[in-house]
Amino acid sequence: MMSDFLTAREAGLALCQDCHKLIPWQQQGPRGSLCPRCGADVHLRKPHSISRTWALVITAAILLVPANVLPIMEVDSLGSAAYSTILDGIIFFFEDGSYAIGIIILTASVLVPCFKIIGIVLILLSIHFRWKSWLRHKTLLFRVIGFIGRWSMLDIFVIALLQVLVNFGYLSSIESAPAATYFAGVVLTTMFAAITFDPRLLWDA
Amino acid sequence: MEARIDKPDLENVMACPDCDLLLQQVDVVRGQKALCPRCGYMLYSAKKDSLDKTLALSFSGLILYLPANFLPLMTLDTLGLEKSGSIYDGVISLYQHRYFFVAIMVALTSLIFPLVKLSLLFLVSLALKLKFYPRFLSLCLRYYHHLDEWGMLEVYMVGILVTIIKMYHLAHIQYDAGFFCFIGLLWVALGSSVVLDEHLFWRLIEQKNS
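The listed protein sequences correspond, in order, to chains U and L.
Our numbering numbers the first residue of the first sequence as 1 and each following residue consecutively.
Our numbering numbers the first residue of the second sequence as 1001 and each following residue consecutively.
Treat the hints with caution; some may be incorrect.
[Stated by the list, open to error] Listed below are the simulated DSBU-like cross-link pairs for lysine-lysine, each with C-alpha atoms no more than 30 Å apart in a straight line: (1) K21/U <-> K1083/L; (2) K21/U <-> K1131/L; (3) K1053/L <-> K21/U.
Read the hints as simulated data drawn from the structure, not as lab findings.
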């Protein structure tokens, strides 16, 4: 089935990642060549894609632990401070009966980061071991990972807003706590992992 | 609509960005999309009057930008105490609590990148509309392409909704001008990226250069 298809690389062409122009490929040194239309560096495949993606996804997995274990929010009320982690926040909504919002936060801040890390690791392993089945589904998985990545910032935005709006001094106030930094780190590294990965490597195998 | 090619002839060929399959360019009419037959990537869809619409929407976005981000979104009223805040206040508050990294992330994704994206789009579509082709045009469009996913207005909108639901029982919420401006900004910003036809824009830039 694969031999039915001709790829740009097999035809001696490279695709510019920035403006999607096809240019005849001739290797001009290790840095590739410039796109005549937009001036971007053109490579046959994103350079060092696999190792960069591994590095970022492992960093994300490490950061994910403190992001979930440490408190992300500090709620002060009449002088007593209560710390809550991401999971505490979700449980609060479920106990409160706001299932819809609980599910949204559960998805955005727990399921999405885990799904992204597991998904990218799965794709990287499948390239490493040259698993050639389910290529179309794996490409779709990567596309979904790229699309949902940004939604994990949700919790951070909520805390930024709550910190401003719920600030009545001694009476009650909400402040961000250390996990916020780790969590923002997870979002950043997973988004960069999706950027550095080149899905065409799946099809090259 | 699917397209395939057996022999490359550089004029009308394109490659799928996701699987590198070489394809014949086909014309799509309104309502149609060109998909990659091998991996299902959406190659392009027909967009009508992309240049005019992009120009109009990005300009509206720039007008709404300041009130949406700097006017208070809402006021919370608990036991007679009132507190209101804007998106900008959120960033400042994170900064004052010494969460520098988080403050920078929020500032970039909710304040800076949306503004840069709208400005770049406005600049590019205005220049193309006026048939004025400065050298930095392609650089602008490239930066826009890279920044696209880093502007997170719609995520912030859901964040505002979550905040409202969280506070609904605890305080009286009064919606302020910033809230409505932000909804407007979100709509035109989303709209501008939907109507933008990058293929068309690159073709227009290329025509001038050659």
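Here is how each hint holds up against the structure:
{"no.": "1", "hint": "K21/U <-> K1083/L", "result": "violated (52 Å)"}
{"no.": "2", "hint": "K21/U <-> K1131/L", "result": "holds (22 Å)"}
{"no.": "3", "hint": "K1053/L <-> K21/U", "result": "holds (24 Å)"}
In terms of the numbered hints stated before, the structure departs from hint 1 and from no other.
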